[in-house]
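Following the hints, position chain E against chain A.
Protein chains: 2
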Amino acid sequence: MSQSIVGASTPQVTAREKVMGRAQYAGDIKLAGMLHAKVLRSPHPHARIVGIDTSAAKALAGVRLVVTGCDTPTRLWGPHRKEQRILAAGVVRHVGEEVAAVVAVSEEIARDALDLIRVEYEQLPALLSPEAALADGAPEIHAGTRNIGHEMHIERGDVDAGFAAAAAVYEATYDMHSQYPGYLEPMASVATQDGNGRLTVYASTQSVFLARSRMAEALDRPASTIRVVQATTGGGFGAKIVEENNSLICAFLATKLDRPVRLVNNRLEDFQGARASVPAKVWLRMGLSADGMIVAKDVRITAECGAFSGLAGDVMHVSAMRSDNMHRVTNVRSHAVLAYTNNPPRGAFRGFGGQQMQFPLNCHLTVLAGMIGMDPIEVHKRNAIGRGETSVHGWQIGSTGMQECLEMTRQAIGWDAKRNAPRGTGTRRRGVGIAAAMHVSGNRTLGNWDGSTILLKLNEDGRVMLQTSECDMGQGANTMLSQICAQEMGIPLSHVTVMVPDTDTSPFCLGSLASRVTIISGNAVLRAAREAKQKVLALAAEKFGVEMASLSFADGRISVPGQPDKSAMLAEIARLHIFRHGGEGIHVRATYDAPTVMHDASYYGNIAPAYSFAAQAVEVEVDTCTGRVTVIDSFVADDCGKAINPLAVHGQTHGATVQAIGWTLYEHLRYEDGRLQNGNFADYTMATADALPMLRTDLVESNDPNGPFGAKGASETAILPGAAAIANAVHHAIGVRIHSLPITPEKVLAALRERHETEKETAHA
Amino acid sequence: MSQSIVGASTPQVTAREKVMGRAQYAGDIKLAGMLHAKVLRSPHPHARIVGIDTSAAKALAGVRLVVTGCDTPTRLWGPHRKEQRILAAGVVRHVGEEVAAVVAVSEEIARDALDLIRVEYEQLPALLSPEAALADGAPEIHAGTRNIGHEMHIERGDVDAGFAAAAAVYEATYDMHSQYPGYLEPMASVATQDGNGRLTVYASTQSVFLARSRMAEALDRPASTIRVVQATTGGGFGAKIVEENNSLICAFLATKLDRPVRLVNNRLEDFQGARASVPAKVWLRMGLSADGMIVAKDVRITAECGAFSGLAGDVMHVSAMRSDNMHRVTNVRSHAVLAYTNNPPRGAFRGFGGQQMQFPLNCHLTVLAGMIGMDPIEVHKRNAIGRGETSVHGWQIGSTGMQECLEMTRQAIGWDAKRNAPRGTGTRRRGVGIAAAMHVSGNRTLGNWDGSTILLKLNEDGRVMLQTSECDMGQGANTMLSQICAQEMGIPLSHVTVMVPDTDTSPFCLGSLASRVTIISGNAVLRAAREAKQKVLALAAEKFGVEMASLSFADGRISVPGQPDKSAMLAEIARLHIFRHGGEGIHVRATYDAPTVMHDASYYGNIAPAYSFAAQAVEVEVDTCTGRVTVIDSFVADDCGKAINPLAVHGQTHGATVQAIGWTLYEHLRYEDGRLQNGNFADYTMATADALPMLRTDLVESNDPNGPFGAKGASETAILPGAAAIANAVHHAIGVRIHSLPITPEKVLAALRERHETEKETAHA
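Protein chains in written order, with UniProt numbering: chain A, 1 to 765; chain E, 1 to 765.
In case anyone wonders, no lab produced these hints; they're calculated from the structure.
Some clues are possibly wrong.
[Claimed, not checked] Below, computed lysine-lysine pairings styled on DSS-like, alpha-carbon distance capped at 27 Å:
#	chain 1	residue 1	chain 2	residue 2
1	E	Lys18	A	Lys256
2	A	Lys256	E	Lys30
3	E	Lys381	A	Lys18
4	E	Lys82	A	Lys30
5	E	Lys760	E	Lys747
6	E	Lys256	E	Lys82
7	A	Lys30	E	Lys747
Here the structure is a predicted model, which means the values were calculated and not measured.
So here's chain A without its partners, still in its complex pose (with noise of 0.2 Å):
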């Protein structure tokens, strides 16, 4: 077969029904006899609930259901720790807590009755910081946890005989936010539940079996009594994964009713109930030796998950450790501490950790390169983790292009010309900066399994059905499955059909999340086509009397060379595949789980079947008036492997690359005792296009030995160094070092300022 299918930017096969506005997000879906449901949320970040008067709201013409904390279910649910319950009962823990819940006729009618519950609360001390909440003696937010809600002590090698062996030594603390995961839709769901009992929900979500767990444990009833569908989900962003109370509350009022629910938060509800990335402050001492190499790297991370853990314990453990694997790095030792605050609860978002250390790291080794007088792209050149190699944690590097991503970024930004001397004239700064990173394409670590499984049905019309769980959420899973499919199959991309994930005939599949599903669903669609084709081909050979190496298949069709009488259409084949003595349709189940090892108690394994790499290069103009700092040019170079579908991988990097940007430079959460303060796209800025450059980006093939084709998982990689690049390059353009994100027009002058407060005074000294 030619590689004309795989490998070929392709419109996404999704795209018809969305640009036609006709695709069905949660929200738009109607079913007969549908009611609508609002929230009402804690104003405080810590309170008890005295009491609760929703006769009011009862009494509202057009209420249909009033429900408080107590109605719910008391089993405790969570992805680890057991701590949340559908609504809250008896305290509330942050502002936003979701305390009570009105289903009425109209969405209007729901919003109206909320305003008549009245919720005494007693309120109780806030502990709004990791360092308030880690304090001695502070109130347990959770009880038994002194505000911890995980923590994790890696160390190998000789640490403190790295240091001594040193020529360069830097040390700072860096403070990175919380971001928003900004997704066009916002949380939504339909819920109903049919005259035998049984729940469907129609969830935008990323795993449609997390879903249904979830929902079985904080409903308290059976998994096979709940349906999962997925609705058209218009982004993820890691904050769809399983964290989110949306589906919990829409099929909990579903089950109370027996009517169909909707429940679609606004931007505004988003903002409060969606779970944003985790913040962190991350200590970080690192040594360089005389030639580049990094002997030695000392971490001390303290996370904030807010009022309840979820996967923020996850999210931290990658930040502990997973950007050690990218470097031939063998003295490391981490200390990170997960702190309960009554902050909103953070967790899992794009990038999963990655970014709030390799923001510290690559900002450290442009500053101990700068300290021994070398390039920092050579100093990651120098310790960049090689194909073959395995990693200071038991990575396997099975394709790698860190060298050729950076020598492709180096390249591109023009970082020879431009990195020595910063460019611009007056108060108009220009700087180079660069970053690399690395990924994960699928993680074992979720429970000793990172498996995906496939059934391919062949139609009767030689055309494909595709079931899979693992959700497209715009990213472009379902078109990659589909030109896996075509390809090996020999028959065109039109010709496959990606159904939507729904848990009672879906095979069952962990979801889309730690860039898994190209990898992992890739190869198991590679493994059901070629199941698929064998079939085909068996029954052909026999059909035509010759040895199945002697047939051809191309173009759907499966031929005896030389023969002409000897040939049939796909489709024929097919049906004489059902239709005989014996007979089935071509009906086939393949699954691929990844041939990776779990880590062990100290964390050590090979937890991925491949691992990702990027490289990004910035150039900013910095205003020394205003403190504004603008990126003018953006270069991200993404090793994926092999891009199935280039248009979708460039996309894709470029809306890591956006969000990176905004987290640096824009988005910022703004608390005040614990209230969100801008939960809108007004106040919460993030980068819209006159805010960003051109972007760039190219992709680099390493061609990974367990990737079907060659690919592992794209543009994930590429949120991770834009932080680091961007404070490279400001460094590199004023001479000033931020370490709190966002870099703000603010800290920017602060920091002009106090540098020349320090040159004053030197000059006076």
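Only chain E this time, still in chain A's reference frame:
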């Protein structure tokens, strides 16, 4: 395992939603933006469409679309002969044929708009009987057919020699009318085309895959672009297998509008649009030896398919030869002709042509038994084919309970006491009659495949999801499959969920026809459950470090007897099957294709894996003043191999018995010039409770070697003997034999008058 689930009388697993009124029949489905369709039908049995003016209809406020035959695809469809379009184009061939369709915002407006469509017809000569259609020089309804839809000849042995050796020979012609299927739910569909151009049709159907094939053909688009989902279905009785136009029209309209469209037949429309059973005239000559053996049988059948042939040829095929297989006959001859007429098309119906021969055969057998002075039960028993024997047409009888059925019937009705003399006094005369019949359990002849595939998924809570495309139309398929699965897996019935047939996700199956589901799909479930259990046991053995053989599996728990620490719930093993290295969900596919043999060109073969038998005795009271015949007692013995769910078998047997009584005495489609005169339940008098005796049934469990737990098709056989049993009883009661159905008071009085005249003449002579 105990036999506590299979064999237990179990309420239908679909009962709860039905009794709560929450089951979603197609007509109940409401989709957002849904429009409503109505269909204009031909008032003429045969006419050329000169012109159609739809302008006024289109101009009516609320009308969204008006289409006529010219708008529909030109490709012709049909189960065998391709002779229909979705709407008639150019010519109409029967009253009720679909000529135009309107879609509007309400059903009422759509109906109003029909009145505004002006169709100019030029009437053509109508052929309203097979005699007229088959007459020399008759115009052809379909060009090149000589008005013959199908014709077959079968001859085995030496029929003429058989007659020569006969002690008694009787010949007569029987006239059998068409019966409306009379299900609770008329045809109904909802269709919608999504933004990706895929069409979904929610249909009231017996076979989603046959429906999809038919739609692909009629709509002239690839099958993979169509999804057919079975809505809750309120009875099928054969009419919802594949011949209905409702879903085709609805689907077509949805593709034109890109809006959901609902088309629900009202009862009159269903009388006009649904295919009723195939009427037939049967000339039968049969000879008995002095010892009661059937030595020769000669049959000539003229069946009528009406305007389109559909499945009527298959029905006639059954009439022509199926009944031969219940006896040890060797000399048989059939010549059967299917005539096109300008009456409405006829097709599949419960019993599928069996009753059109069992009525003549069983009447004949009673007459001939009388001629040689033998009890007809004795004649049946002497001739009855035995277990292990091969019938004249090659059918291999793996099990038969015919002898037991006859004996049980004899006892139950009090045959020996009642048969010698009719009872009753004055004008109320009572008589008894019996008949016996056989039916297939499955049928390979639909495409040399009679298989069924089951997907079984074991969820993480240890519960099972089953996917099949065999449709439950109320007959209890889902309950039966659940029972077999629960029994074999050793789990409670409530832990099995059978999902809705859906061509996108369900495995390919033929559907619910030919009494095939219990034996075919039941076996597939049995295989799937065994395979799933094997997977569970293999993993448990590995986990416990023991041999599989030492494991015990009962009540959802796997354990090692005597080692209480080695025990796990099914759910735990199901989870472990995923969450381990190389794991995957337990997801099993199993197919059962019956071990049968396709018949050859002479119709010799073994087409079903099992054959079911039944016998019925009735007692009637005939009012010689009014001619009214009342069934005052009915007993049916049904050989179903093994009753998986006795409650359901009894229920289905009752239903079949009532339908047979209705056909024999009450139901009568009345036409004038090809126009139905009584398309409603006031004038088309199906038997209601006050017209029926207390129905009695009992089961014979002949334990078929191919059957799951010995089961084979139940209860369809029970529709076959009723007409003859009643006719025989009428003869017994009043000495006249009615050869023409229905046995109306008029016919009875006419026959009594005729006999009286004959007696008078004889007395005078």
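Exercise. Against the earlier hints, flag every one the structure doesn't satisfy and list their numbers going up.
Key: 3, 4, 7
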